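Visitor: Take these sequences, add in the hints, and give me the full structure.
Below are the chains, spelled out letter by letter.
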Amino acid sequence: MNEIRLLPEERIVLKLRKHWVILLRDTIGTVLLAFFPLILLAIVQIVAPQFTDFPGYLAFMSFATTLWLLLIFLALAVIWTDFYLDLWIVTDKRIISVDQVSLFNRKVTTLSHERIQEIIVKEENFMQAFFKYGTLDIETASPTDGDATMEGIPHPENVRKTILEQTVKKV
Amino acid sequence: MDPAFMSALPLLAWAVFAAATALTLSLGALLTYHWFRYAMYPAVSLLSLIIYASVAFVLLSGLLAATIAIAAL
Numbered sequence: 001m002n003e004i005r006l007l008p009e010e011r012i013v014l015k016l017r018k019h020w021v022i023l024l025r026d027t028i029g030t031v032l033l034a035f036f037p038l039i040l041l042a043i044v045q046i047v048a049p050q051f052t053d054f055p056g057y058l059a060f061m062s063f064a065t066t067l068w069l070l071l072i073f074l075a076l077a078v079i080w081t082d083f084y085l086d087l088w089i090v091t092d093k094r095i096i097s098v099d100q101v102s103l104f105n106r107k108v109t110t111l112s113h114e115r116i117q118e119i120i121v122k123e124e125n126f127m128q129a130f131f132k133y134g135t136l137d138i139e140t141a142s143p144t145d146g147d148a149t150m151e152g153i154p155h156p157e158n159v160r161k162t163i164l165e166q167t168v169k170k171v
Numbered sequence: 001m002d003p004a005f006m007s008a009l010p011l012l013a014w015a016v017f018a019a020a021t022a023l024t025l026s027l028g029a030l031l032t033y034h035w036f037r038y039a040m041y042p043a044v045s046l047l048s049l050i051i052y053a054s055v056a057f058v059l060l061s062g063l064l065a066a067t068i069a070i071a072a073l
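Quick note, the sequences are listed as chains A and B, same order. Going letter by letter, the first sequence gives residues 1 to 171 in my numbering. Going letter by letter, the second sequence gives residues 1 to 73 in my numbering.
Hint data in this document are derived by calculation from the structure and do not stem from the laboratory. As the structure is a computational prediction, the values presented were derived from the model and not from experiment. Each residue gets a CB set at the ideal place from its N, CA and C atoms; glycine is no exception. Hints are supplied without guarantee of correctness; some may be wrong.
Restraint ranges, calculated between C-beta atoms of paired labels, are given here [what the hints assert, rightly or not]: (1) A:Trp-68 / B:Pro-3: 24 to 30 Å; (2) B:Ser-7 / A:Leu-58: 16 to 22 Å; (3) A:Asp-92 / B:Gly-28: 35 to 41 Å; (4) B:Ile-68 / A:His-155: 28 to 34 Å; (5) A:Phe-130 / B:Asp-2: 51 to 57 Å; (6) A:Trp-20 / B:Ile-50: 35 to 41 Å; (7) A:Asp-26 / B:Asp-2: 37 to 43 Å; (8) B:Leu-11 / A:Leu-58: 16 to 22 Å; (9) B:Arg-37 / A:Gln-50: 36 to 42 Å; (10) A:Phe-51 / B:Ile-68: 19 to 25 Å; (11) A:Val-31 / B:Phe-57: 16 to 22 Å; (12) A:Ile-28 / B:Tyr-41: 25 to 31 Å.
Guide: What follows is the structure, encoded as structure tokens:
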């Protein structure tokens, strides 16, 4: 955490990452794509079995399948990195939101507890209610701080309560 | 199969293998930079690097074996 430096006597109250369902949602499509060569092999076997007779078919398919799996793995590594580097830190003085948008695209936002006006918790669908995650909208009074939205927060109601406790202590 | 295509296949396979290796190494360098610069726990960064390097090594080895098999046709 080289980039985020805590203030003197600042104490971390809560560290948050997005819920694992968010990671699952972001990776499931890519993981399913890994099975594409198997499906293609089956289709070739059924539709055009004469292709399997050409010399080097096995070597060619091994090459294509391994290359495909490599690309899938690289995509998963990038997705996981984006997920892992997204972070919210609630300290006794402020909230630090780190949003890793993509590689080399990183947004760090800091909100002071004194400036928080309202915290809205949103659980908008069945998945969010079932897995107990949601969105926190934090509205501030400051024109420079702006508002913050935290998506995919696990147990957002508890987080809201913790932030409000810190806010009340500061005011 | 077109004989011209078959004769160009080994060279094409080696070119794709070289490109895939370059992509894996350069992306690995970028991700490692992000892990060690921004992640909170160095142990997780190290573990990520080990997993990335191991899986990439296995897949690139498989790709190399397939490339050699194509070149030997």
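Visitor: Each hint needs a verdict: does it hold in this structure or not?
Guide: Taking the hints in turn, this is what the structure says about them:
1. A:Trp-68 / B:Pro-3: 24 to 30 Å: 27 Å, holds
2. B:Ser-7 / A:Leu-58: 16 to 22 Å: 19 Å Cβ-Cβ, so the 16 to 22 Å window holds.
3. A:Asp-92 / B:Gly-28: 35 to 41 Å: Because 38 Å falls inside the window, the suggested range holds.
4. B:Ile-68 / A:His-155: 28 to 34 Å: 53 Å, violated
5. A:Phe-130 / B:Asp-2: 51 to 57 Å: 55 Å, holds
6. A:Trp-20 / B:Ile-50: 35 to 41 Å: 22 Å, violated
7. A:Asp-26 / B:Asp-2: 37 to 43 Å: Check passed, 41 Å falls within 37 to 43 Å.
8. B:Leu-11 / A:Leu-58: 16 to 22 Å: 20 Å, holds
9. B:Arg-37 / A:Gln-50: 36 to 42 Å: 53 Å, violated
10. A:Phe-51 / B:Ile-68: 19 to 25 Å: 22 Å, holds
11. A:Val-31 / B:Phe-57: 16 to 22 Å: Since Val-31 of chain A and Phe-57 of chain B have Cβ atoms about 21 Å apart, the given range 16 to 22 Å holds.
12. A:Ile-28 / B:Tyr-41: 25 to 31 Å: Holds: the Cβ-Cβ distance is about 26 Å, inside 25 to 31 Å.
Checked against the numbered hints above, the structure breaks hints 4, 6, 9 and satisfies the rest.
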